[in-house]
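Protein chains in written order, with this note's numbering: chain C, 5 to 175; chain H, 7 to 774.
Heads up, none of these hints are tricks.
Using 25 Å as the maximum straight-line C-alpha spacing, the simulated PhoX-like pairs for lysine-lysine come out as follows:
| hint | chain 1 | residue 1 | chain 2 | residue 2 |
| --- | --- | --- | --- | --- |
| 1 | H | Lys256 | H | Lys234 |
| 2 | H | Lys45 | C | Lys14 |
| 3 | H | Lys561 | H | Lys610 |
| 4 | H | Lys65 | H | Lys116 |
| 5 | H | Lys561 | H | Lys600 |
| 6 | C | Lys14 | H | Lys140 |
Please keep in mind that the hints were generated in silico from the structure rather than gathered at the bench.
Remember, predicted model here, so these are calculated numbers, not experimental data.
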Amino acid sequence: MTQQEAPVRKITVACDVNGYPAEFLAAPHQSLLEALREAMGLTGTKEGCNDGNCGACTVALDGRIVDSCLVLAAEADGKRVDTIEGMAPPNGLHPLQQAFLEEAALQCGICTPGFLVAAKALLEREPEPDEHRIRLWLAGNLCRCTGYDKIVRAVQRASSEMSKPAPAGGA
Amino acid sequence: MTTTTDRPAQQFNVVGTRPIRHDGVDKVLGRAQYGADLKLPGLIHGAVLRSPHAHAVIKRVDAAKAAAAHGVFAVITGEDMPVSASELLDMGEEVTDLRWMSERIMARGKAVYKGHPVAAVAAVDQNAALEALKLIEVDYEPLPAVISLEDAMAPGAVVIHDDLVGDHLGEKARGTNVAEHTRIEFGDPDAAFEQAAHVLERTYTISRAHQGYIEPHSATAFWSPDGKLAVWTTTQAPFGVRSNLAQVLKLPVSAVKVTPMEIGGGFGGKIQLYLEPLAAVLSKKAARPVKMVMDRKSVFDATGPGPGGQVTVKMGVDANGAIVAATADIRYMAGAYPGSSISAASVGVFACYKVPNLRIDAYDVVINMSKTAAYRAPGTPQAAFASESLVSELCERIGMSPMDFHLLNAAEEGDRRPDGPIFPRVGNKACMEAIRDSAHFQSALQREGPDGKLRGRGMASGFWNGIGNRSSVTINVNDDGVVSLVEGNPDIGGTRATIAMQAAEILGLPAEDVHPAVVDTDAIGYNDLTAGSRTTYASGQAAIEAARLVVEEMKKRMALVWETDPENVEFENGVFRNKVAPDQRFAFKQAAGKLGQTGGPVAKTGSVNVRGSGGGSFAAHLVDVEVDPETGKTQVIRYTAAQDAGKAVHPSYVEGQFQGGAAQGVGWALNEEYYTDEDGVMLNSSFLDYRMPTALDLPMLDTIIVETPNANHPFGVRGIGETSIVPPAPAVANAIADAIGARLYQTPMNPARVMEALAAKRNGANGR
Numbered sequence: 005m006t007q008q009e010a011p012v013r014k015i016t017v018a019c020d021v022n023g024y025p026a027e028f029l030a031a032p033h034q035s036l037l038e039a040l041r042e043a044m045g046l047t048g049t050k051e052g053c054n055d056g057n058c059g060a061c062t063v064a065l066d067g068r069i070v071d072s073c074l075v076l077a078a079e080a081d082g083k084r085v086d087t088i089e090g091m092a093p094p095n096g097l098h099p100l101q102q103a104f105l106e107e108a109a110l111q112c113g114i115c116t117p118g119f120l121v122a123a124k125a126l127l128e129r130e131p132e133p134d135e136h137r138i139r140l141w142l143a144g145n146l147c148r149c150t151g152y153d154k155i156v157r158a159v160q161r162a163s164s165e166m167s168k169p170a171p172a173g174g175a
Numbered sequence: 007m008t009t010t011t012d013r014p015a016q017q018f019n020v021v022g023t024r025p026i027r028h029d030g031v032d033k034v035l036g037r038a039q040y041g042a043d044l045k046l047p048g049l050i051h052g053a054v055l056r057s058p059h060a061h062a063v064i065k066r067v068d069a070a071k072a073a074a075a076h077g078v079f080a081v082i083t084g085e086d087m088p089v090s091a092s093e094l095l096d097m098g099e100e101v102t103d104l105r106w107m108s109e110r111i112m113a114r115g116k117a118v119y120k121g122h123p124v125a126a127v128a129a130v131d132q133n134a135a136l137e138a139l140k141l142i143e144v145d146y147e148p149l150p151a152v153i154s155l156e157d158a159m160a161p162g163a164v165v166i167h168d169d170l171v172g173d174h175l176g177e178k179a180r181g182t183n184v185a186e187h188t189r190i191e192f193g194d195p196d197a198a199f200e201q202a203a204h205v206l207e208r209t210y211t212i213s214r215a216h217q218g219y220i221e222p223h224s225a226t227a228f229w230s231p232d233g234k235l236a237v238w239t240t241t242q243a244p245f246g247v248r249s250n251l252a253q254v255l256k257l258p259v260s261a262v263k264v265t266p267m268e269i270g271g272g273f274g275g276k277i278q279l280y281l282e283p284l285a286a287v288l289s290k291k292a293a294r295p296v297k298m299v300m301d302r303k304s305v306f307d308a309t310g311p312g313p314g315g316q317v318t319v320k321m322g323v324d325a326n327g328a329i330v331a332a333t334a335d336i337r338y339m340a341g342a343y344p345g346s347s348i349s350a351a352s353v354g355v356f357a358c359y360k361v362p363n364l365r366i367d368a369y370d371v372v373i374n375m376s377k378t379a380a381y382r383a384p385g386t387p388q389a390a391f392a393s394e395s396l397v398s399e400l401c402e403r404i405g406m407s408p409m410d411f412h413l414l415n416a417a418e419e420g421d422r423r424p425d426g427p428i429f430p431r432v433g434n435k436a437c438m439e440a441i442r443d444s445a446h447f448q449s450a451l452q453r454e455g456p457d458g459k460l461r462g463r464g465m466a467s468g469f470w471n472g473i474g475n476r477s478s479v480t481i482n483v484n485d486d487g488v489v490s491l492v493e494g495n496p497d498i499g500g501t502r503a504t505i506a507m508q509a510a511e512i513l514g515l516p517a518e519d520v521h522p523a524v525v526d527t528d529a530i531g532y533n534d535l536t537a538g539s540r541t542t543y544a545s546g547q548a549a550i551e552a553a554r555l556v557v558e559e560m561k562k563r564m565a566l567v568w569e570t571d572p573e574n575v576e577f578e579n580g581v582f583r584n585k586v587a588p589d590q591r592f593a594f595k596q597a598a599g600k601l602g603q604t605g606g607p608v609a610k611t612g613s614v615n616v617r618g619s620g621g622g623s624f625a626a627h628l629v630d631v632e633v634d635p636e637t638g639k640t641q642v643i644r645y646t647a648a649q650d651a652g653k654a655v656h657p658s659y660v661e662g663q664f665q666g667g668a669a670q671g672v673g674w675a676l677n678e679e680y681y682t683d684e685d686g687v688m689l690n691s692s693f694l695d696y697r698m699p700t701a702l703d704l705p706m707l708d709t710i711i712v713e714t715p716n717a718n719h720p721f722g723v724r725g726i727g728e729t730s731i732v733p734p735a736p737a738v739a740n741a742i743a744d745a746i747g748a749r750l751y752q753t754p755m756n757p758a759r760v761m762e763a764l765a766a767k768r769n770g771a772n773g774r
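Extracted from the complex, chain H is given alone in its bound form (with noise of 0.2 Å):
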């Protein structure tokens, strides 16, 4: 574990250390409450009846004899929903149509995904649930399944959504199953392409893949008979769930209030509705609060992986190998309902590289499985896994190292992204630099592994900008000196001790004398979710703001404690000094013992916009491979990832998030996709063959911590979460290209795929 910085001296106590995170123990000891935990008095347990049919005319619902059942107290439908109309609603990484999620929720009419809700029960115990949902009658008439790209969009094409009104650049299109097409252009790529000393172009695809929380989705409701509905659920964004349920359910924003659970890995995909409207409305018939937990098939069947779908890239460089050119024709597969993160992709397929003639089109396209969902660093590492993989080929064919190339046409401050911002300082090159001069970049590798097995090396770089916006957070000032830290953003991944930790620095205090705490809707001010990159970013800043309100009113009591003004009072590292009197002098736990004598508590409160990005972080990522030709079967024996993470505020949980992106990149390289039969129907929905990687399948996963500061932030800190799964799979193909001396322009590339490139190889077909 490495760190490499270049900032001025900018001096920290706390930031930068690696405390115990605040809420460990509980974790350790399996006191830490997750959404299937909650137990509350009177509470019913509800289950979901799901379509088997990816799309499905329902043209009867009879649910009488479950509602006569043993234990039932209610059942819904369709029926039962609240219809509404089209309006779109940001949802922080995220645009979507609150028709298409009212819909998605609930099918009512006809299922456009196999796993789509179709009723609801709820009953004394899950059991029962399960077993009153076997009387439910439904008669579907099954249409034909739109499952591929080509379907989708090929000429007379079945329509999905005979209402759909896509937008084909700026064009209404009726009768499409192409909800956006857009484009950026700047320069003249194509006159540009005539110049180039060498050009090429691949096309690329890539599969579907899931988030792979360990924890399943889980809502518990209670409709109160005055009109409040309280929700307690597993969820990246309980201020999302808020605004979504009273737009759903027709309430005020106000009658909701939600409170998060602890949350067992959500990656993107645990921001949209799925149990909770359902969990309201069964509560409010059942008058009972009602909990609701997805088993695995259907997190698979019907929560929101990654799009899968295919990239088209095209480079062109001139005879110094300087990138004149580049286009991209990006389709992704939204699911059963537009919106697939093509904007994103758009970003992110040539960001990290100076293109001055550039052309991106992108399609949203709706196919009938699941609609997908953000997925770290949403719709960009397919885009990478095109454009990364172009780069290292394009690399072989001009006789470049892939690192002169990097190094050479690296985006810096100043450069145009290619959606149009410039970028500020960013640690692009600096990421390069820092693999390049990493102990792995700079050992040899041994070509021949055991028993016949092929080596080989390869690099990728990644970039991900993440977002800022609404944040809260309240300080409360306890008399011992310990002060309380309340905040709205569910902790996935250590946020509430990165949160507390910038605020001790401003306090003066360590870690552990800040106590944080996740709190519902109605006991903080609007929180935007933990995703984008933000929380330990945008949310740190509310704690910083916090943190300086409540110095600015502890000045303010001292001087009365000492009959000064408080222009008198100054506050370094930790103590409050009187400038006019030096031997008058107290340490924040003095002072905070004062508080009661000088005008009573204080609490104070930061809330933030944090406008702008989390500052953009780069990676840049070397993974060693090793090839059995005789199996197809690919192991990673040596990884290392570099990335700018700004200033590191807890440097384990920083290496934490690189590690497990790569982790994910790996698995969505070697092994992840979704396996369906011709009508839709995924034949893979479980853990033993959705193959996840497991601790047998990873080396130590080094990291590299590069520090640009971020001007953005007080303490240079940028958002990190998201970058680490965008250079995982072009790298790993880059190094299975280095191996085997062949490519593959799919993932998985899994063993079948492996042996296939190999058969291609020796029948000259150089691997394509």
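Pulled out of the complex, with its shape left as it was, chain C reads as follows (with noise of 0.2 Å):
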């Protein structure tokens, strides 16, 4: 082994992760998706195919969702990151989550995270989305273990749960 000097300089990116404030250095070539799993240590993202086809990658960049795979590292400096990490409150899990539970709305796990990230992005637009906008809205994530059934009703589940006026007193 040698130990040469690296030969790219990497670059400083500032963003906010979950609602806290995150530096990093990014090799030029970095993914956000390498960043947040390899630098922040926020393995919940996952990587399916780092190309864009399978959606297990999916956070929120600036509210927006993306494929983090296909997003340059230093693209985050100044933005907002939501991950999944961020996704339930304090000691308590969002209503997406609790559904994905009740629902069985998962097997092995694995894109779990992404359909959560895009399936909050949605109810947060769209608070009561029927099943083919549920379906249309989450075409970008790729399951190969549920067949969707349950993952749809998971989604109109917290719909539903979410719908529902606060109860009195409070949160």
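With the hints in hand, could you dock these two chains into one complex?
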């Protein structure tokens, strides 16, 4: 092994990840997915294909869902990144996470973080999507285990839970 | 979601309920650790150089520049891997030869499939490893690639392995690509065809289809200077990986410890070794732990899909529609090394029927593509595409409804399975009856869809036997009355829950009070793989055994507390009672708190070797499709799957298996295939071009759980994970034929093939 100078200079990236400031060094070619997993230790975001076709690496970038394997880490500079790790409130679960458990909407679970992040973005835009709308929105996320039936049901269940008026006396 | 049962009243408290799976919270939080998520002190990263040719002599490999490159710790080639002699190994769902396995993992002298590893590098990070691969010089001399049955079986064919000795009906054959030709025969099918009222014969072509798990393969290894090899991997078979690594690397089995990480799907494709031995040898050379993660393209190119091939089936019936004879000729392309589940195909091709005269020939054929692997009910969906399509076409010809045909000819208890065994009590007819009585079957199909689209309905049945085999489960009783359950089967689809629930049933505890953990191969007794529909069925029996031993021990402890004989202590519904002093009673939790004063901890292991199969699970699927005659695109618009679960332990995950198999089968039916050029190079090795069903491609998938109890399990459970992929492709084919009035004989039934069938029909060729 030789110990030469590394051939490429890294870039300092400062962004907001799940509501907290984050700063890391990124190689120019490095994807946001790789930066999240390797530099920040946020391995909840999964790699299934690394070419934008499976959706396992879905995160929200300034509120817009993206395949983080197709975004350069350097592009996150100055932006807000939301990943699966930031989805649950302290000491609890997001209604979508709870619904995925209740509806048995995961088998192996590798696609689950991507589905949850994508479904959350849908319900934030459209609180009561119909079945077709859910299927269309989630068509960028592949699941090989479930046949999607229970995933669609879980999103419907979360939608109906989240549309209920908050109980009297506050949260 | 419906459940039909004919069981005598066996009452359950936990089995049959739907608790939240124990590993669920970790998985929805993104905290579950899959193979690629592992981090270790001093970890470095590996990458593989793969052959760009499907068939080539490797004349020279020069890795000197790579070894000297920035950040590189180690480089290995075929020369660094131990050589193995021929030795047959039982892999659980298939049999393989140690020598073929060793050569498949890393080429030496010759590459026999595109993607065949030629060298591997370990470097400080993934990027440095990939850069170093570019510095490895390899001289190839390309050879003609054998990529079709015709090429492989023709007289004078290019022979891929000079030293392969084929077994052709018991005769040794050399200079061949046909590794095996088997035959099952009874009665006199040829004479029976002569006497039959109607006979139909057809040939079907089935595409090579990948399991398509979303998580690529990964493995991390650390070969310690003390000779111990630790491996963390994403596998269905931690004990199988341990054995195979010991065999390939010439180590004692006890020197290898395999830790199964969470697994992101397998479907049979994560049983064989791929990266583990390369990571191990790199680690030995680098003296560091080495992590390797496969990219998606390599998953397609170099891991095992289910085999494609050709199946010719012939069936004769009498004037009433009863089957008098059937024959099959099954030819599967195994890939670069033998082993394409032809024996399971021979069992499955006619398993749904009573066939008095029968002959099944099967051929295992070697070609220059990656070695195939088990894929959910290995070999059977391909065979059923042929037999169940034939049945539907035969029914059209004789004017009989497929439902009547199935009910008349369904194999039941006492009938002979094609390969010899007599069926025990099975739910074949019960599944068909469940479909017949379903809202879906009972509703009329609106035959015209919007915009001139054509609708049709099809059905098909299917069978998978499943396996039992070896399992060990340990239960430790904590003094708060919660028990921990230690098991060795990676949990691909909810089996922590289904195994824990069976223990909970015996212990009288809620499912939540049994805490399951999947552990490494040093931490639990031997367990066969998570495959063959065996995990809930067989490891569940180990859990039941362990729980019974716990109860027996705790009875003795309660006898000490109550100063009575253990025979006087009974245990029912989670409560220990003193029969001679009925006011003396402790719930399980109270009793657990008294173990410290009565002899110490209670930890019991149930170890089983479950003989025979998972009881056999039959299924019947019904599907409605809508075909666009302008584009040839087929959309599945309604689906109902009925299958025999014996007893559904966790009905949600049983339904999930039915739905997941149906979805995979629909993908195989409509879109999935390996597209290659004439040199055997796959052209669609991405999820964009290898088109698996998305949420938008499927409707809700209705399920009917049929419960015909299995006498080989205390609760009547059957193994259910695989049958669901068997009926979909022929059911879809039958529905398309019903919609467009022309039949397709090849998967995938993609828009181009549907358009061809429509054109042929217009030209009067009747779709053939």
